[in-house]
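With chain P held as given, fit chains S, L, G and V with the ligands onto it using these hints.
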Amino acid sequence: MTGLRASFGFRRPEFSLELDLDVPPGGVVAVLGPNGSGKSTLLGCLAGLLVPDTGTISLGGRVLTRSPRTHVPPHSRGVGMLSQDALLFPHLSIVDNVAFAPQSRGVPKARAREVARRWLAEVDAAGFGDRKPAQLSGGQAQRVALARALAGEPDLLLLDEPLAALDVDAAPAIRALLRRVLRSAAERSAVEGPAAEGSAAERSGRACVLVTHDPLDALSIADRVVVLAGGRIVEQGPTRDVLAAPRTPFTASIAGLNLVAGTANADGVRVASGAELAGIAAADVVPGEPAVAVFPPSAVAVYRAGTSGTGSPRNLAPAVVGSLEPHGAVVRLRASGAGWAEGVTADLTAAAVAELELQPGSAIELSVKAATIAVHPSGA
Amino acid sequence: MTGLRASFGFRRPEFSLELDLDVPPGGVVAVLGPNGSGKSTLLGCLAGLLVPDTGTISLGGRVLTRSPRTHVPPHSRGVGMLSQDALLFPHLSIVDNVAFAPQSRGVPKARAREVARRWLAEVDAAGFGDRKPAQLSGGQAQRVALARALAGEPDLLLLDEPLAALDVDAAPAIRALLRRVLRSAAERSAVEGPAAEGSAAERSGRACVLVTHDPLDALSIADRVVVLAGGRIVEQGPTRDVLAAPRTPFTASIAGLNLVAGTANADGVRVASGAELAGIAAADVVPGEPAVAVFPPSAVAVYRAGTSGTGSPRNLAPAVVGSLEPHGAVVRLRASGAGWAEGVTADLTAAAVAELELQPGSAIELSVKAATIAVHPSGA
Amino acid sequence: DAEGAADDGAGAPRTLTVFAAASLTESFGALEKRFEAEHPGVDVTLNLGASSKLAQQIDEGAAADVFASADEKNMEKVTAAGRADGEPAVFATNTLTIAVPPGNPKGVRGFADLAQPGLTLVVCAPQVPCGSAAETVEKSAGVALTPVSEEQDVKGVLAKVQAGEADAGLVYVTDATSAAGKVEKIDFPEAAGAVNRYPIAVLTDAPQADLAREFTEFVRGAAGTEELGKVGFGRP
Amino acid sequence: MRANGRAGGRSPSSAVPWVLWIPAGLGLGLVVLPVLGLLVRSDLTRFPELIATPASLNALQLSLTTAALSTLFSVLLGVPLAVVLARSRVRGIRLLRAIVLLPLVLPPVVGGLALLYLLGRNGFLGYLLDVTAGVRVPFTTTAVVIAQTFVAMPFLVVSLEGALRGAGTRYENVAATLGARPWTVFRRVTLPLLLPALGSGMVLSFARALGEFGATITFAGSLEGVTRTLPLEVYAQSESDVDSAVALALLLVLVAVLVIVVARPRSLEGAR
Amino acid sequence: MRANGRAGGRSPSSAVPWVLWIPAGLGLGLVVLPVLGLLVRSDLTRFPELIATPASLNALQLSLTTAALSTLFSVLLGVPLAVVLARSRVRGIRLLRAIVLLPLVLPPVVGGLALLYLLGRNGFLGYLLDVTAGVRVPFTTTAVVIAQTFVAMPFLVVSLEGALRGAGTRYENVAATLGARPWTVFRRVTLPLLLPALGSGMVLSFARALGEFGATITFAGSLEGVTRTLPLEVYAQSESDVDSAVALALLLVLVAVLVIVVARPRSLEGAR
Ligand SMILES: Nc1ncnc2c1ncn2[C@@H]1O[C@H](COP(=O)(O)OP(=O)(O)OP(=O)(O)O)[C@@H](O)[C@H]1O
Ligand SMILES: Nc1ncnc2c1ncn2[C@@H]1O[C@H](COP(=O)(O)OP(=O)(O)OP(=O)(O)O)[C@@H](O)[C@H]1O
Ligand SMILES: [Mg+2]
Ligand SMILES: [Mg+2]
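Chains as they are written, first to last, in the working numbering: chain P, 1 to 380; chain S, 1001 to 1380; chain L, 2001 to 2236; chain G, 3001 to 3272; chain V, 4001 to 4272.
Pulled out of the complex, with its shape left as it was, chain P reads as follows (with noise of 0.2 Å):
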């Protein structure tokens, strides 16, 4: 087996897809991206939904796409998809939603309903079984549908945003659920060891390529993570890694870093306003070249304009405070500024807010420690 492999171009009007991704057997790939970066798109033409329009889709060495004669139907690809909308069928109850996808395996009636009963238990919808779609609510719904995507038990599973409707109890069950079900039998009894138990299904090393905007979705259920953005990948690799060291602003938004680019230089980054920011080199940083210093928001101290003193931080960049937004228990402001100031966040204390102040337009001064910041080659 080898997994998928997927080289294709998708064109439309104003949005052109254009990628290579592998996932081996039992690997499951977070994509993330903004919206309308083409996330869906993508999961639509692996599903065969859509038709690329170069190319080639290959699951388990057997082609499915090779643009523009071959194209398996999406019924025959062994891909199976949960879609944003749950699309449940309306006039099916639960249970037989549930129950469709090994009935159109040929698993009987009865023993597919046993199935879908099972499945719906997992993602805790036992309860449901034989109300129609229409007396569900969102969350409900949602899970349903991934109970139905996952009863289907496809070669290559596709999940678009499978926890967005759920509650803050559900989702990490069935985050859970979902590294149960997708990591490979292998990796799965290192982590959980061998009490874990799996069905042949669950053991089969199926692929999946999660669709998430949720950083701790793509830690805690993928391996390696692709970041889209206009319908490119931009950055991609091992989930830590990419969540550790992004290369992109977006990648660093969703891990809550801060990312500052620019042009390596001996001592850090220089942005483009001539500004500089020191900072600790990765070994294959070139001088010269693009580069990217990465810290996190908590190694920001922020002071009022004026009072930072002349201490052991050697980043110091006068800002004015844009936003302060609570952030679990801290309070995250974000500055705007000159240099690489701008766009900036601090996690600060609400007292050190309440101290110091502070509102949106105060006049401040950022410090930020060398040691703490993290130079990076940079991908673009």
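Certain hints may be false.
[As the list claims (entries may be wrong)] Restraint ranges, calculated between C-beta atoms of paired labels, are given here: (1) Ala1305/S with Val63/P: 52 to 60 Å; (2) Val4019/V with Asp20/P: 53 to 61 Å; (3) Val4019/V with Lys2073/L: 52 to 60 Å.
[Said to hold, decoys possible] Among the chain L residues that face chain G by a calculated CB cut under 8 Å, a handful are: (4) Gln2127; (5) Glu2138; (6) Ser2140; (7) Val2143; (8) Glu2150; (9) Gly2156.
Simulated from the structure, these hints should not be mistaken for laboratory data.
All residues carry an ideal CB built from backbone N, CA and C; glycine is no exception.
Below, chains S, L, G and V with the ligands without anything else, positioned relative to chain P:
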């Protein structure tokens, strides 16, 4: 103006909703609650799409519903709603979708389109004006639907998970927009200073009920929080108070805090199994009455079983690693065990997890300093 | 009332409305043209349909001038309702004939042959004139017919013979004449026992009573004889 | 759909703009008043006697049987045809769509003639049937069913096709990604979602078949108990006795409405 | 809906199960073969001469005008009626729904009779009109339009009602929460979303009106240039010459299909 006063009951065969809810003019109430707790049903009743079986709903002193006779139809309630599905009119262009509400109020077409384009720009969807809804991505459609609901400039705005499908860059921007639009002029000027500019409608002090699963939305947009469970209000109050001192496990898990329920005693809380958890009791805790102990995951230290020693932390309990999940920069460990340790979460660094060689199933000991534990009287 | 109101002498167009049985379509069409040629400024409008329907329409107050019926029964309905001005006059007769497909595949020679087994026969329903005539002949000739279809009108019978679907059909001479070349006509003596008579009458409410009388005379006169004779009608 | 009828417990009566009641009332009047007029004019006391003749009852029974059969055939042939026309992307499908409209517009008598030319003894299909199987179609009850199907099926096809286009293909796409073959998709998704439209379409084609006159008499003839359906009987009666014709017609209407109202399953009402 | 036609650039040809092609082909054959047979049997070279008579052209023009008018009236009265029937929760609406089916089943001749009984000089509405306004309806072009509307409107109503029930009310609810009054909702949401079904319904009622014979000849008579529409002309022609009747019928069919295919706006195709 008296804002929204609602006190009604709505029954379905297997579900009933029964609540009292007041929202002052300019007030924003966040409604939290598990899937299926009745949040959308509540909005439906307020919007006039569902007819309560008992009770009264009034807005600005005007009776909207007094069961069983009075029922002001949705279109003359002055209530606008963004439902969980975007439901953009498929036959209208994006700009006409947004212009629909002003046009319904009698604004001439050209002017309504202008208004629409302004709102589209606000939600960063200005570029799509001439497309049809079928040509948008999920998140784009969601933003347009929000713009459409806002363009109606209703006296009472009902938003059902307005940010669910948005990407990480868009969400803070939209959150800021909502804050700007929703907060009353008085309150806003205190936060954003005199520089804040806003249209007449923005200053009008409209009331808003916001359904969300994200505590960040609640914290950053709402003044008050209402927590629904099974169709009843189980908790309510000013947002920060509720999230800082949650009294139900659901609210606690929203806020990311640990919550242990039991009976108050002199020193803290005694749980059902007899185990005790020492903490700092709030003034209104009565020994012998139900109480909850609340503490953040970061306050929980983890040791391999038998290695905890005897230091200052007074609360110690044996447990087993249930799950390990990356959670932002840290790893969140969920313990299973007896007494108060059951279900408690602890945030650890990845380094600590590696060093302690923690895996699901590893035997551990949890330790929590009593000083970090707050004890509140519990609602139920 | 706009219908035929003469405002300035002979030049003004006048409309004469004639309700005529459908079987008169061809002959009355020709008569219409000739009458119009002789009466400049007169427009004859034909309303063609089943006699029963026309009688009904007259009964419901249709503003017609002349009614030419294909049978006396329907004319009686009109006279009984007091809608006819004076006694109706019979202006044409019609008799039954046998129509067979070209070449007469079943070799039909007379009425009795219609009862032969294996012959597909089509007749009119007893409710319509050609059907009641057929019934009369059947009784008087003592032959029991077993048609596969009792059609609503002669055209139905003719269509099936023409299509070769029926081996024989009982139709009127006039119909067989107008379909000459597509069907063959086999006259039989028993037909004389059931002659169908076409009466014509001016109606009481006729907007153009004078013109109507002129038209009836025209139909009963030489022109009528000529045109009606062309398609096979007999004279009373 | 989940959001389709969010209405759970009680939902408010959907607001029909009151201005619409005016044209709606006029439309209803156009339909009801003539029928009322008919009732007023007819001598209701004579009804039983007029109706309970063997000829009428025969005709009624024949009409119901043949109309039911031709509705069945319309469904069996028309549903697939509608699906193909609405969903297939084969070249020339637009032309086919126009062709299906033909029998809608063809005067029924000419339609009957066309059938006669095709299936009659001298027609090319009829000749084949006669020679190979000894089957002759005209003047049989089969001919009635064929004639009725010919005129009624297009009503079903056109109304279904409209519904199919309006519904879009998203549920069908979902079913395909769940591994359902086209046939399964058709049977378990397309068809059930089409039920309300199928209900309307069946009513239309049943009604059209039941009222069919011209094509039937031209192609099948009119023989009591074999091919003389109720409309043919009504027509024949109207030659001699208008009152009994009207009585018969009202009987037809009554029976038809009963059949439609009673037999129409709830599932076809769209009240999901 | 957003997800309605996710297909953007190219989407694969929707999979029609191949088994469906068999009944679909049969259905198409049932429709096409008879018409082909008709074409084969008729002498095409004589067509122009047969058709280009003043009588035929008059009839054609009259047919197109009256059918267009009655389609218009069917829409004006039938759309509101369908909306009221599908959306209103007034008691007794089920009965009204059954009543609308009446003209569908009434043999057209009896329908014509009913109209005559109502609007004729002796009918209660006809008498009123005659006495108060001096208007006599029967035997006028107006009568043709009324007869055609009477038989054609129910087709529109039934097919629209099915579509309305299938579509549900969620977009209408959204519009209401945006402050749109019922009339605005109807005009800007209900109606546009109904367009594909309205397209089918209009085709059906136009076709039915164009082919209408029985009710017209009974109620309006058959006066050349005034009430003799093409089907009536076909009937009249068939008295003397079946061939020219067939030619005329084919003309009718051709014109109708052209009108329907050409005039049917894209917006009614459901290709949103
Ligand atoms: N049917 C369509 N026709 C034309 N353009 C479309 C269509 N569907 C989507 N688009 C456009 O294509 C681009 C990619 O859309 P896609 O749905 O793949 O985005 P996405 O990454 O899934 O976004 P989201 O996070 O909002 O769901 C967007 O710019 C969108 O506007
Ligand atoms: N139309 C309906 N008929 C019957 N029950 C319904 C209907 N709609 C919702 N329910 C049930 O009513 C309860 C409340 O549903 P509601 O949609 O208000 O939940 P919610 O709080 O909005 O949930 P979510 O967060 O999943 O959107 C649920 O248990 C749901 O299953
Ligand atoms: Mg998407
Ligand atoms: Mg909800």
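Hints, verified against the model:
A beta carbon spacing of about 54 Å between Ala1305/S and Val63/P agrees with the range 52 to 60 Å that was offered as a hint. A beta carbon spacing of about 39 Å between Val4019/V and Asp20/P contradicts the range 53 to 61 Å that was offered as a hint. Against the hinted window of 52 to 60 Å, the Cβ-Cβ separation of Val4019/V and Lys2073/L comes to about 57 Å, which satisfies the hint. Satisfaction of the interface hint for Gln2127/L is found here, the shortest Cβ-Cβ separation to chain G being roughly 4 Å, below the 8 Å cut-off.
About 16 Å separates the beta-carbon of Glu2138/L from the nearest beta-carbon of chain G, more than 8 Å, and the hint is not met. Annotation: Ser2140/L was flagged as interfacial toward chain G, and the flag is violated, the nearest CB pair being 21 Å apart, outside 8 Å. A least Cβ separation of about 18 Å between Val2143/L and chain G goes past the 8 Å threshold, and the interface hint is therefore violated. This hint holds: Glu2150/L has a C-beta 5 Å from the nearest C-beta of chain G, less than the 8 Å allowed.
Hint on Gly2156/L holds. Least Cβ distance to chain G is approximately 6 Å, under the 8 Å limit.
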